[in-house]
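Peer 1: Those sequence lines, one after another, are chains C and U. In terms of this note's numbering, the first sequence has 371 at position 371, counting the first letter as 1, and numbering is strictly consecutive. In terms of this note's numbering, the second sequence has 375 at position 375, counting the first letter as 1, and numbering is strictly consecutive.
Because the hints were derived from the structure by calculation, they are not lab data. A portion of the hints provided could be inaccurate.
Which residues of chain U face chain C? A partial, calculated answer using Cβ under 10 Å [to be verified]: (1) ARG4; (2) MET10; (3) LEU19; (4) LEU20; (5) LEU30; (6) LEU32; (7) ASN45.
Pairwise CB distance ranges (calculated) [stated by the list, open to error]: (8) U/LEU15 - C/PHE269: 29 to 35 Å; (9) C/TYR110 - U/LEU15: 44 to 50 Å; (10) C/THR132 - U/GLU151: 38 to 44 Å; (11) U/GLU84 - C/ASP87: 55 to 61 Å; (12) C/ASP87 - U/SER37: 53 to 59 Å; (13) U/GLY21 - C/THR132: 31 to 37 Å; (14) C/VAL175 - U/THR81: 55 to 61 Å; (15) U/PRO117 - C/LYS67: 52 to 58 Å; (16) U/ALA43 - C/PRO112: 44 to 50 Å; (17) U/LEU15 - C/ARG13: 44 to 50 Å; (18) C/LYS182 - U/SER338: 51 to 57 Å; (19) U/PRO87 - C/TYR110: 28 to 34 Å; (20) U/GLN86 - C/LEU28: 56 to 62 Å.
Computed from a predicted structure; not experimentally measured. A virtual CB, placed ideally from N, CA and C, is assigned to each residue, including glycine.
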Amino acid sequence: MSYGYPTTYSRTRADLRADDRRSYLRELDWVLLIAAIALSVYGAILVWSASRGDQAPLMGDLQYFLKRHLLNAAIGIGLAFLVSRVDYRLMRAYTPVLYVVSFLLLLATYLPGIGVKIAGAQAWLKVPGLGTVQPGEFMKIALILAIAMILAEKRDAESEPRDSDVLQALALAAVPMAYILKYQNDTGTVLIVGTIIVAMVAVSGARTRWVIGMLVGAVVALLVAIQFHLLQDYQVGRLTSFVDPEADPTDASFNVRQAAIAIGNGGVFGRGLFQGSQTQGNFVPVNESDFIMTVAGEELGFIGAALVIVLLGIVVWRGIRIARRADDMFGRLVATGVVAWLSFQAFENIGMNLGIMPVTGVPLPFVSYGGTSMFATWIAIGLLQNVHLRHAE
Amino acid sequence: MSDRSTLRLMVFGVLVISLLGTLLGRLFYLQLVTGDSYRQSAADNGVREIVTPAVRGLVLDQVGRPLVANRTSLVVSVDRTVLERQPDDGVAVLQRLAQALGSDPTELSYRLELCGPRAHRKPPICWNGSPYQPIPVAKDVPTVTALKIMERRTAFPGVQAELEAVREYPEPYGVNGAHLVGYLGPVNEEELAVQKAAASTDPATKLRRNDLIGRAGAEREYDAQLRGKPGVTRLAVDKAGRVTGTLGTVDSTPGSYLVTSLDARLQSVTEKALADAIATARKANDPTTGRNYVADSGAAVVLDVRTGRVLSMASYPTYDPSVWVGGITAKEYNALISKENGLPLTSRAVQGLFAPGSTFKAFSTVGAANSGMGLNSSYQCPNVYRAGDRSFANHESRGYGTISLSRALEVSCNTVFYGIADTMWKSAGGLNAKPTAADPIATAAKSFGLGSRTGIDLPGESRGRVGSRAFKQALWDERHEAWCQAAAAGYPELRKTDPTQANLNTALDRENCTEGFRWREGDALNAAIGQGDTIITPLQLATGYAAIANGGTRWQPMIATALVRSNGKVIKAFTPKATGKVDASPATLAFLRKSLAGVTTDGTGRSPFKGFPLDRLPVASKTGSAQVDGKQSTSWFASFAPANNPRYAVVAMVSEGGTGSGTSGPIVRKIYEALFGVKGQSVNPASGVLVGGQPATTLPKVRSDGTPVVPAGQEGSPKIAAPPAAPAPTAAAVTSSASPGSASAGTGTGAGGPDSSGGFDGAAVVATVSSRAGRPRRGPPGRRGHPPTTPARRP
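Same shape as in the complex, but just chain C:
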């Protein structure tokens, strides 16, 4: 569908820009945007409550984390706006550059002086003025674009990607993933990227054996890794502690149990904001990021926690809608990748809070405290809007 601009010369360039702005605002997927904003604000409140007991007093300001989270969200929205307006073709053209730059940033985490180790993972870069950023988050975006580019290339007509295209896409993903698994021990990110690839290859229309093969391969790889002790003990501990929280005496199961207690403690309506004994007593570790759902669960109850899931559901629904209605394969694949990323990351995070997924340390999109994650997820929203707008043109 396209709007035919009236070709009268009475309209000035300024009028055109105003029209453009109006149509941009009119054509935005507002449901998606509002759901994402709601999640970010809701997250700010939860982060605020979570940080009051331990982190915030250290900063000398009980509202410090509330403000920072809102600021991060605002920056994220700004980034999303920019991304949504980037010319589609330009984006495709610069995808290889983006990929290479992202990968170099990832490698840079190991450079002394720039790379920073936080919570045992050498996954952070020191950026003057911004604090620390996690290039792995941006790598996800670059990968989604790169894979979409390869799988959609020359096939905007009705043909499926060739096997060699799929192999290329897999190779593109494999290199940074191997690095992240090997040097950052970040199983969570690797699982998410794996999901992204499977989803994108499937939706690209590649032969069915690829889809089935990748699913089987993932299961086999996991079993082999555990069987042959390719994973570090603590990695297995993290993966298995959710099965039997009493089995592993290290921190992983302690956290899982404390999280379950916090959430179970909430009941239907919760203990009230700032009233959760588990939350305010700091029994649940990192509850401003990884375990943020325990705050919602304990203090705002089933209603409050379900609201998070429902809002995420809205984001996912809109994302899939955008993918379905996309004009070209590239757009559809980008939207699919973003949905796979956000939904699986949310599942992993909430699942570990609820004790049905291993503790892997991935943040909850929009809700968890943390700048990089917030920026990256908002950029993802920007990508969705971009695809959506192009369809609307």
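On the provided structure of chain C, position chain U as indicated by the hints.
Peer 2: Just chain U, lined up with the frame of chain C:
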């Protein structure tokens, strides 16, 4: 775009939405279905219990003298978890600490190792307790040293000095009694696991990580009663351990006092007599071996024959129970378990097994009477008894010709008993007798309690055994396969170096394999004089002789007479318990009492009682010198007195000590002198060691403040270990600074100053925090230290 792509996108969408649905379902389950149990956990989570250990009960002798008491000690302990966080794993800290304490850093580090294959030392040097619990490394630290450590917190991370209630041994009359009272040790992981598995819910008897429990003697047997119930203060805390309020307090209940039938003064006499006899024996020459007696160990037991109560019981070698207080050092522990020191932890009286030798003849006499042989008949006492082609000699004595059975006991004539046993053996069917054939001597001996546990209220009692046809058969049933295999193999390894010995062993095994079940003539003869397979504990022999003395009742020996609350109220009185009647007629027992009295006046028991007023105080006795392969003989002296109206049974034994009368007799004589107040020819029990001249008939009084009342002049100058010069305010200061970050947990209530009235301390105790969830506290490193301490004073 292809339909395939769109279809797959839709499938993907459904999958994603169902993932989120799964989360909703799980959320619903956690919060709405099982929420209640989590709410309870959340409530418990914020609770820490400050456990104030109960003051452990005292152990008193029969007139109230404390054998075990309490005092306070400054104990230095080290938290491994803090040390491990040091850049050098705490090596430097240990260096400094060793220097401050004047000990060796390596030794110190061994004490911090968790017991296991990688530890350099075995328990109890290595740490058998919880890895999260501070490990005590030094006791009775001078206040100056403790202050030095506590003032330089940064130089000693993870190190703390605290006042703790520890056991004290006042040693009235210099008594030791280590094997009777035992000692304490920290509870270990296994016991905690067993308790967890048993799901014991009684909070009063629940073991907690920091608990000390009885590891030997009465401390172990009556651990639950002595331990008392800990006081618990429930505090609301956050995860970092910051106290946010008090939820409730339950005061501790001090442990019960254990009143025993032991008499400290008599025990002291018994121990000294035993030690003296062993010292004398070691200076005496053994004519058989030409060397001095080794006299490696010994025991002496005094029982009240009317009740079976133990009045004293000594074992040599012994040890100082106070070495266990506040943790034992490697050197001390090695001394306790070394063979060179004669394994002092083993109670020879209760756990040691020895051939009874001729003391067994009293039971053989009963067997003879039971099988119809005349007690007043005449018996042949030749120098050598011939059975088949073998000769059995009279070891201790010569031949006496035709004598009475009474005389045979007096002179301990082996050949008379060989004859009796041979007659029985032949009438039972000889070599081909059935295993179930009558064995009157063994049957009689067993009825006197030999070869089975007496049931004394002390842990680790040995069973022993009585050699018999049935025993032989049972042994063969168990071992014959191994014997046959060894005989068939023929000792190939040994054969390379010593073919003669290998042949010998093979022949022995072959015989055992084919014939080992047979109760041969020689076995029967040896058994009749307490040799061969029979091995018993000194306590068993004392119980048996007490049964002869009291007319045939087998009492269960007992050291406990009562459990008394610290305010003096009697909780439980232990009444004497008869375990059965012996298999002997009153006439037989009367015959024995008379004959055994003759042993002391006219027989082998005479020499140690030379000059003793036997006319006023007749003593019934039987000597024994049991032959032991490759060792010097075991000296025995079993007795009871007065022979005409028996009150006490006294048994003494010295391993590798020579003859019964020569080495053990003097022990028994000294004990009777003390019991009956024998001076020269006068006998006056009132001037003896027992208050009132006889075993106490009433329980000692305990004042409402917990002080036992000891008759004036009978205190026995108890040794009260000087408290480590820790006046109350100093102690409080030390303990409170030991726990930064636990500020409001209650300190400075004023530690109890040492209260030495009555020979024991009023007990300042240290409270410890244990997580209700059973997990170590998880706080920031600086706060993870030791729990708050509350020096509390028992009301």
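Peer 1: Determine for every hint whether it applies to the structure shown.
Peer 2: Evaluation of the provided hints:
1. For U/ARG4, the interface hint holds, since its Cβ comes within 10 Å of a Cβ in chain C; the closest pair sits about 5 Å apart.
2. Because the closest C-beta pair between U/MET10 and chain C is about 8 Å apart, less than 10 Å, the hint holds.
3. The closest approach between the C-beta of U/LEU19 and any C-beta of chain C is roughly 5 Å, which is under the 10 Å cut-off, so the hint is satisfied.
4. Checking U/LEU20 against chain C by beta carbon gives a least distance of about 5 Å; that is within 10 Å, so the hint holds.
5. For U/LEU30, the suggested interface contact is upheld, since its CB lies about 5 Å from the closest CB of chain C, less than 10 Å.
6. This hint holds: U/LEU32 has a C-beta 6 Å from the nearest C-beta of chain C, less than the 10 Å allowed.
7. About 6 Å separates the beta-carbon of U/ASN45 from the nearest beta-carbon of chain C, less than 10 Å, and the hint is met.
8. Against the hinted window of 29 to 35 Å, the Cβ-Cβ separation of U/LEU15 and C/PHE269 comes to about 31 Å, which satisfies the hint.
9. In this structure the hint that C/TYR110 and U/LEU15 lie 44 to 50 Å apart at CB is violated, the actual value being about 36 Å.
10. A C-beta distance of roughly 40 Å is found between C/THR132 and U/GLU151, which places it inside the suggested range of 38 to 44 Å.
11. Between U/GLU84 and C/ASP87 the beta carbons are some 58 Å apart, a value that agrees with the proposed interval 55 to 61 Å.
12. In this structure, C/ASP87 and U/SER37 meet the distance hint of 53 to 59 Å, their C-beta atoms being roughly 57 Å apart.
13. The hint said 31 to 37 Å for the Cβ distance between U/GLY21 and C/THR132, and at roughly 36 Å that hint holds.
14. The given range of 55 to 61 Å is broken by C/VAL175 and U/THR81, whose C-beta atoms sit roughly 41 Å from each other.
15. About 55 Å separates the C-beta atoms of U/PRO117 and C/LYS67, a value consistent with the hinted range of 52 to 58 Å.
16. Look at U/ALA43 against C/PRO112: about 48 Å separates their beta carbons, and that is inside 44 to 50 Å.
17. Between U/LEU15 and C/ARG13 the Cβ separation comes to about 47 Å, which falls inside the hinted range of 44 to 50 Å.
18. With their beta carbons about 55 Å apart, C/LYS182 and U/SER338 fall inside the hinted range of 51 to 57 Å.
19. Between U/PRO87 and C/TYR110 the beta carbons are some 24 Å apart, a value that contradicts the proposed interval 28 to 34 Å.
20. Between U/GLN86 and C/LEU28 the C-beta distance comes to about 58 Å, which sits within the given range of 56 to 62 Å.
Checked against the numbered hints above, the structure violates hints 9, 14, 19; every other hint is satisfied.
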